[in-house]
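Now for the letters of each chain:
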Amino acid sequence: MMVEPIMNIEEVTLENVVEKTKQFYKEDEWNFITVNGTDLKGELQIDWLFSKYNDKNIIQIFRAVVSFEDKIPSIVPVIPSAWLAEWELGDMFGVDVENAAKNVFIAKDSIQAPLRADTKF
Amino acid sequence: MGKIIVPFGSQHIALPEPVSFLFETENEIITNVEAHVGYVHRGIEKAAITKFEFNQLPYLTARVCGLCSITHAGAVVHGLEKLLNIEVNKRIDYLRMFVVELDRIHSHLLANGHVAEVVGYENLFMQTFKIREDVMDVLERITGNRVQYDYQVIGGVARDIDSEIVEFSKKKLKTLKDNVLKIMDFNDSDYTFGLKTKGVGVISKEMATKFNTAGPIARASGFATDARAEYDYLPFEEVGYKMQLRTSGDVWARNMVRFDEVLNSIEMCENILDNLPAGESKVKVKGRPEGEVVVRVEAPRGECFYYLKGSKQKVLDRVRIRVPTYANIPILKELFVGAKYSDAQAIVLSFDPCMSCTAK
Amino acid sequence: MLKMFIESFKNLCSSPETIKYPFAESPEPKGYRGVIEYNEDLCIFCDKCENICPPGAIKFVVSDFETGKKEYNYNPYLCIYCGACVTECPKADEGCLVQAQTRTPPLGRVVPKGEKLGYFINRIDNPKEVESKWREIEKLNIKTKEEYKEYKKQQRLAKKKAATS
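Residue numbers (the working numbering), protein chains in the order written: chain A, 1 to 121; chain B, 122 to 481; chain C, 482 to 646.
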């Protein structure tokens, strides 16, 4: 029988996401997958995705809806391998992420912030 | 003492991938690393939400990478079938598993051959590539092509197999198994090869857990994680899948884990060919995708993750890809500090990097 | 190390694994994915193959507005040989669209010719003009499709007027 995992979505704000991650994350139980952004035609929806080791049933998602001018905090003090995903989020959508280097994936003389819905080619 | 910055650059004679590392060295010991990964960015995520309709997506995402092309196509097909509410029958599952395991065999043999070449043992590299040709013959007979298969479509597979192809594959798999045991013996018992690979680039189990590694790198340090056991997308336990683990965590242990997986995959392929159920090879497809779904599949290099979101139109809203090499770059930066400069190429190639997947 | 020495000596006295390609033949294996061939007499002009092609290598140009007849144009240098058009064609069993097992020669000094390859490739002689002429066909495709839709709308309005009056 194929087991279908349940997506457990929890709403957070930009102020309390680092606190909630610190209380929730344990190293040998939960696996950090990535940080993802979706353009909702004027707003940005950010997801932090986690899965559980040796358990097929659950995927945990922290979701926040922000605007394009907000400053996004970094969860690197809690999870040390999250810096690459945050740099890509900042490059692709043109948002400001704390302690991120710029122009890692997109060169300086090309079209900036390509994944926004109003950037046309 | 002065510091010298040495580029292990994007053009290098021992590096088959376009990645660039800048090492700050002091007396041949590395003290700091800076990495550049975005050389082959082609904008596939943007093309998937503007220019291509949802039934052309498996052909687009298969061309993200050359060696793991069938896992990218398989993940998109699995996600779209969930969004369209389509069920496939058992024969389609077994045919898909057969080609996925053959792809894993040829990718692991290529990785082991490259580690031997970079260390200096070119004879072993040539022998490994000679025995890899048997797998490419079987794949060419089934799908028509050696590297880009275009085999998984929404609702089934592109071609069916008959009894002549089954006989041909069984003969080739038997020669392949004898040859792989011979090459594994060469890797195991050779004295000079052991001096260059044992004890080099050691990852302990605590370090692998802290940095969330994936794939054969984690399994070579004793950390038991595999997407075939943590997400149900194909019936792997029915045909004899077992997780392979080693404990030393150095370059030699990563090679041995790949050979163990190759032997397990050959056994799985023989079980599939003996027990193929009857049925159709394509199922009818109707409707448009709506909702959001999360898919995790096991590529030869680790766990590959997809997130799809649609809203009842012909073009999807968001396609997000995270590949296993992307998850292993942070720990690669940590491993270099404190190692000798002449071991850098063996460490990079034992991670089996795939840069065209990373900078999509 | 001794085992590898013995293996190398055995390889010295056996036949080589490779074939000398330009001087020996290299035939296509069974089940090869080759070039797409088209039969005009059986086609019903449903446009399904054009809608599914991922790189856009098949384009139809409307040539006759009264009967709805279209011309088939195929670019073998843009095609990825996936076979999706053959799967979608409703008349594929009778032989309207078939994937053969031959290779397309590389774009060098000559352009391949053949009756089953469509109108575009049979009208070109110089390999340097393939790309620019294909851009013109893409523009013609969009233009004639708009005109055909306008024409059919006028026909429907005229018929409705004639039926009510």
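No lab work stands behind these hints: they were computed from the structure. If you're wondering where the values come from, they're calculated on a predicted model, not measured in any experiment. Among these hints, one or two may not hold up.
From chain C, some residues computed to sit far from chain B (all C-beta separations above 10 Å) [to be verified]:
1. E488
2. C494
3. E498
4. Y513
5. I525
6. C563
7. L588
8. S613
9. E627
10. Y629
11. R637
12. T645
Pair by pair, the computed Cβ-Cβ distance ranges are [as the list claims (entries may be wrong)]:
13. E411/B <-> E98/A: 28 to 38 Å
14. I111/A <-> N603/C: 32 to 42 Å
15. E15/A <-> E627/C: 46 to 56 Å
16. T568/C <-> T296/B: 27 to 37 Å
17. Q582/C <-> R409/B: 48 to 58 Å
18. E15/A <-> Q434/B: 27 to 37 Å
19. A168/B <-> C494/C: 39 to 49 Å
20. T296/B <-> K501/C: 20 to 30 Å
Quick list of in silico lysine to aspartate or glutamate cross-link-like pairs, EDC-like style, CA-CA up to 16 Å [what the hints assert, rightly or not]:
21. K511/C <-> D281/B
22. K251/B <-> E498/C
23. K454/B <-> E145/B
24. K403/B <-> E531/C
25. K326/B <-> E27/A
26. K172/B <-> E531/C
27. K52/A <-> E351/B
28. K203/B <-> E4/A
29. K203/B <-> E413/B
Here a beta-carbon is modelled for each residue, glycine too, at the ideal position from N, C-alpha and C.
Here is what the structure says about each hint:
no.	hint	result
1	E488	7 Å, violated
2	C494	16 Å, holds
3	E498	6 Å, violated
4	Y513	6 Å, violated
5	I525	21 Å, holds
6	C563	5 Å, violated
7	L588	20 Å, holds
8	S613	22 Å, holds
9	E627	20 Å, holds
10	Y629	22 Å, holds
11	R637	26 Å, holds
12	T645	37 Å, holds
13	E411/B <-> E98/A: 28 to 38 Å	36 Å, holds
14	I111/A <-> N603/C: 32 to 42 Å	40 Å, holds
15	E15/A <-> E627/C: 46 to 56 Å	53 Å, holds
16	T568/C <-> T296/B: 27 to 37 Å	34 Å, holds
17	Q582/C <-> R409/B: 48 to 58 Å	36 Å, violated
18	E15/A <-> Q434/B: 27 to 37 Å	35 Å, holds
19	A168/B <-> C494/C: 39 to 49 Å	54 Å, violated
20	T296/B <-> K501/C: 20 to 30 Å	24 Å, holds
21	K511/C <-> D281/B	14 Å, holds
22	K251/B <-> E498/C	8 Å, holds
23	K454/B <-> E145/B	13 Å, holds
24	K403/B <-> E531/C	22 Å, violated
25	K326/B <-> E27/A	12 Å, holds
26	K172/B <-> E531/C	15 Å, holds
27	K52/A <-> E351/B	9 Å, holds
28	K203/B <-> E4/A	10 Å, holds
29	K203/B <-> E413/B	9 Å, holds
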